[in-house]
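Number of protein chains: 2
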Amino acid sequence: MSETVPPAVLTIAGSDPSGGAGIQADLKAFTAFGCYGMSVITALTAQNTTGVQGVHPSPPDFVEKQLRSILGDIDVHAIKTGMLFDAANTRVIAQTFRSHYADASSRPPLVVDPVCVSTSGHTLLAPEAVQVLIDELCPIATLITPNKSEAELLLSQSNRAAKITSLGDMIAASEKLLLLGSKAVLLKGGHVELTLADVEKLAAERPDVTVVREELLADNMEILQVNEQDLTTRPLVVDVLKEAERTTLFVSPRIESMSTHGTGCTLSAVIASLLGKGHTLLEATRQATAYTHVGIETAFPVGHGHGPLNHLHALTQRVIPPPTASNPHPLTRILIQSAAKTWKEYVEHDFVKQLAQGTLPRECFMHFIKQDYLYLKYYARAYGLLVAKSSTYGSIESATQTIVNVINEVRTHKAFSARWGISEADLAATPESPSTTAYGAYLIDVGLQGDSAKLIMALAACLLGYGEVGLWLKKEATKPNSWVKLKGNAYLQWIEDYSGEHYQNAVKLGLETIEALAVADPPNALRLQEWSAIWEKCTRLEKGFWDASMKLL
Amino acid sequence: MSETVPPAVLTIAGSDPSGGAGIQADLKAFTAFGCYGMSVITALTAQNTTGVQGVHPSPPDFVEKQLRSILGDIDVHAIKTGMLFDAANTRVIAQTFRSHYADASSRPPLVVDPVCVSTSGHTLLAPEAVQVLIDELCPIATLITPNKSEAELLLSQSNRAAKITSLGDMIAASEKLLLLGSKAVLLKGGHVELTLADVEKLAAERPDVTVVREELLADNMEILQVNEQDLTTRPLVVDVLKEAERTTLFVSPRIESMSTHGTGCTLSAVIASLLGKGHTLLEATRQATAYTHVGIETAFPVGHGHGPLNHLHALTQRVIPPPTASNPHPLTRILIQSAAKTWKEYVEHDFVKQLAQGTLPRECFMHFIKQDYLYLKYYARAYGLLVAKSSTYGSIESATQTIVNVINEVRTHKAFSARWGISEADLAATPESPSTTAYGAYLIDVGLQGDSAKLIMALAACLLGYGEVGLWLKKEATKPNSWVKLKGNAYLQWIEDYSGEHYQNAVKLGLETIEALAVADPPNALRLQEWSAIWEKCTRLEKGFWDASMKLL
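Chains as they are written, first to last, in the UniProt record's numbering: chain A, 1 to 553; chain B, 1 to 553.
No wet-lab data here; the hints were simulated from the structure. Glycine included, every Cβ here is placed at the ideal spot set by N, Cα and C. A portion of the hints provided could be inaccurate.
Chain A stretches covered by chain B per the calculated footprint, using a threshold of three residues with CB under 8 Å from any CB of chain B [unchecked claim]:
1. 28 to 39
2. 296 to 308
3. 386 to 397
4. 470 to 481
Interface residues of chain A toward chain B, partial, derived using beta-carbon atoms under 10 Å [stated by the list, open to error]:
5. Gly19
6. Ile23
7. Gln24
8. Ser58
9. Ala218
10. Thr332
11. Trp343
12. Gln354
13. Ser452
14. Gly500
15. Gln504
16. Asp521
Please take these sequences and the hints and turn them into a complete structure.
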């Protein structure tokens with residue numbers, strides 16, 4: 001979510017301390033949809049899942065003050081209103097909005113959830129405020145989102161009385177509500193019992209009406225059918241979206257649940273979030289309906305009454321932080337830390353220390369060079385698998401370049417070995433030690449078993465470890481009275497190779513490739529654990545490789 | 001996050017309408033750490049990133065009412081307090097907490113952030129309230145989290161005056177603060193300039209002090225070194241955690257940033273979240289420090305002054321909803337919907353329709369049977385790759401069982417073909433059609449290129465598609481005057497095989513395997529798109545397979 005700037009979205013509503021509704025639900029919904037949430041509080045309430053125990057309204061001038069603090073400083077991408085409580089607050093909000101956005105074309109989308117009565121029956125909007133909402137707020141709204149009783153109240157107050165008991169009533173009511181001046185109306189059907197037969201009948205009569213069956217099975221999904229109940233009689237919830245040019249029905253199965261506290265708040269908050277992100281009203285409503293529906297179905301128990309829906313279901317937590325200026329390699333750092341002890345035993349191996357002091361016995365180094373010659377064949381082949389696993393020419397080219405580098409390294413090996421009296425035939429005739437086979441064959445195994453990410457993890461311990469050894473020795477060598485002896489050291493070339501610019505550039509490229517994996521497709525705990533296990537194993541195999549050379553002593 | 005019940009975590013603090021601090025920041029932090037957030041509001045403020053424009057305190061009796069609504073209904077796992085504004089509110093909170101949790105052992109962790117003055121210099125805690133905080137709140141706190149000036153104020157108020165300018169001062173102050181009665185003290189070092197030299201000097205003098213260098217490079221990380229600045233002089237932030245039995249320093253690089261609004265609120269909110277989840281105070285502090293640090297570094301621009309840190313950086317949005325009772329197959333549904341047209345052309349293919357009517361020419365069916373015989377060899381081999389890619393005996397066994405099933409299916413093929421006058425030699429000698437090679441070789445390609453999840457996607461179109469055809473024909477056949485002719489249909493066995501219980505059980509198992517992939521490792525948009533692309537391609541190859549049989553006409 002950190003890649004793009006989250007839109008700033010504002011709720012103007014009451015506070016529900018128990019966290020299920022009001023600005024608390026709105027802020028959770030804004031966060032769930034990657035928005036920057038803000039909230040002007042119109043009233044405090046004392047409430048919980050069993051009901052409303054008290055209301056403490058905010059003075060209208062302080063509502064205005066909160067709103068002006070925000071509008072005067074922050075670029076707001078969408079606004080929703082919820083419980084406004086009284087006429088004065090309703091009026092001051094409408095007037096502040098109009099006066100701040102004097103130019104109507106500069107106004108952000110405004111979603112008005114005309115909250116009038118709580119689920120538990122508590123009046124949340126004074127009767128005289130309803131008229132102010134109709135006169136001052138509806139005309140500037142992008143969308144109003146009444147439920148059945150709110151729609152009936154708004155219509156009766158504006159002399160368009162209508163009882164809503166059928167799908168036809170809902171559509172007729174949505175058309176009348178549009179006359180109150182908002183750009184669109186979402187009439188929520190949670191309190192109107194309907195079936196698929198009702199929807200199909202209406203769809204046949206009204207070909208201008210579009211039906212979105214997001215939560216119901218579409219054609220060619222017989223295999224997904226699990227509910228044996230006759231689809232045509234199964235109870236449904238139908239929300240009607242009335243825009244100037246079209247009518248859309250959002251159809252979903254009705255869920256019997258006690259966890260519906262804050263459903264209306266959440267729905268309008270999600271719509272505002274998605275409008276703030278630039279989605280169309282239709283798409284925003286579709287996603288908001290689906291999100292709210294899953295929120296009810298995945299609700300966890302809270303309190304003793306009507307619990308809240310689950311706002312967390314659409315989120316997962318990143319286990320690797322995004323790269324930042326002070327920590328540009330979060331994944332590599334986690335890998336190293338997760339196997340810190342083995343990593344240290346590898347990069348600060350006695351083999352390395354003796355090599356740096358120039359005291360490493362010749363036969364140990366020769367053993368290493370011969371086995372490394374055999375190992376590098378596996379290593380090149382593993383990069384061949386990486387080529388085969390690539391999905392872009394870029395990754396094909398980069399893995400191929402590494403194979404070319406390995407082949408060149410092997411040439412150096414041969415020249416180097418020749419100087420120490422070992423012929424190419426000697427190299428090829430060397431029996432492979434178990435530690436070489438273990439490491440080499442494991443690379444090939446990972447390459448066959450997993451995706452390219454896993455293979456990159458397997459190949460990293462070698463690439464990065466030799467780079468670490470090179471830099472460490474270089475750093476140690478510059479210290480006064482260093483234990484590292486470069487002068488006259490028979491292994492000087494080896495140290496220079498791995499601390500040199502050429503190899504270190506390959507290390508930098510490798511780090512970038514590794515970090516890019518975590519950014520492009522952030523792993524969850526499970527996948528990170530798989531990656532760490534491969535890294536740890538290869539680190540151990542690297543240590544084993546040097547152990548084998550030292551065992552000759 | 002929906003797998004376990006999120007702990008309910010409560011903040012008792014002021015409201016920041018601009019969303020960067022106060023209960024708004026706390027609710028965002030609770031959500032980021034997968035907790036169920038609640039909030040008692042002690043005061044409304046009108047503020048933004050440039051400063052505080054006004055404060056409207058809540059009456060103490062209404063603060064108590066909010067708190068009692070929550071405590072009386074909901075099982076609270078952790079509480080944090082922030083801005084309490086005045087003595088009366090501070091007192092009523094401490095007293096309500098004590099009286100509700102009369103048994104001290106039943107008390108949830110209580111983190112007290114002693115907010116006294118805003119970053120912009122606005123007094124957020126009346127001077128007389130400081131004494132109440134010391135006398136009534138500190139003794140029941142699990143942790144208090146003062147910054148330098150709050151620590152100095154608390155100490156001077158309790159006659160332990162101390163100026164804090166060095167790391168030694170910080171540790172001494174944390175020890176004195178512990179005497180105020182909380183179980184632990186986190187003294188935040190944001191306003192004390194320190195370097196690594198200071199930390200190393202202190203660590204040498206005080207071996208009892210543990211240093212956590214979460215955000216700094218540890219040993220054996222030379223390759224991750226990107227900042228050329230001398231580490232020993234680089235400015236650091238050090239937070240001191242003083243517990244009864246130990247002292248821990250959390251060291252991180254100092255970041256020059258304007259986006260620090262709400263840092264203290266967020267830090268204490270995250271600590272409360274993690275204590276609510278059962279983490280130790282040390283681990284909670286470590287994670288909270290790291291989260292807040294990354295939040296500052298990844299902050300996006302909001303407002304004209306001191307903007308908020310980024311609360312969203314640790315979250316990613318799920319692109320596949322969790323399975324629910326009304327939608328137990330969200331991934332499969334998305335796959336089918338993403339390729340709806342091709343899927344329909346496949347499962348309602350003319351080949352299928354003519355077969356169901358019994359009018360399919362014999363030569364078309366023979367072509368299909370012969371090519372299917374050749375295709376099934378690829379299919380079995382692809383499951384062999386799935387065996388090779390397995391990481392558990394369970395998945396090895398399940399993929400192996402499918403190979404056994406395919407071998408049995410091939411036997412049926414042979415017997416079937418024999419009845420139609422085709423010998424096994426004829427089957428084996430049949431030239432492979434391009435559509436067979438395309439489909440078969442693509443399965444093997446996916447199996448070599450990707451991980452087991454991708455291979456399962458590739459294998460699903462065949463398994464599920466034939467199941468869909470079977471169920472569809474069975475359903476159509478039961479309709480009055482159905483176009484499907486079962487009686488006397490030469491292909492009856494084929495229809496019965498794929499609509500039968502044996503095959504449909506395999507379909508159910510396949511659906512479970514597919515859905516389990518999305519639950520175990522929820523894909524992001526990128527990976528879902530890769531999966532959908534494979535599914536769509538195989539759906540198209542299935543259609544092409546039947547096209548080839550019909551082209552004979």
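Here's how the hints hold up against the structure:
{"no.": "1", "hint": "28 to 39", "result": "holds (count 9)"}
{"no.": "2", "hint": "296 to 308", "result": "holds (count 9)"}
{"no.": "3", "hint": "386 to 397", "result": "holds (count 3)"}
{"no.": "4", "hint": "470 to 481", "result": "holds (count 3)"}
{"no.": "5", "hint": "Gly19", "result": "holds (4 Å)"}
{"no.": "6", "hint": "Ile23", "result": "holds (8 Å)"}
{"no.": "7", "hint": "Gln24", "result": "holds (6 Å)"}
{"no.": "8", "hint": "Ser58", "result": "holds (6 Å)"}
{"no.": "9", "hint": "Ala218", "result": "holds (7 Å)"}
{"no.": "10", "hint": "Thr332", "result": "holds (6 Å)"}
{"no.": "11", "hint": "Trp343", "result": "holds (6 Å)"}
{"no.": "12", "hint": "Gln354", "result": "violated (18 Å)"}
{"no.": "13", "hint": "Ser452", "result": "holds (8 Å)"}
{"no.": "14", "hint": "Gly500", "result": "violated (14 Å)"}
{"no.": "15", "hint": "Gln504", "result": "holds (8 Å)"}
{"no.": "16", "hint": "Asp521", "result": "holds (5 Å)"}
In this structure, the hints that do not hold are numbers 12, 14, in rising order.
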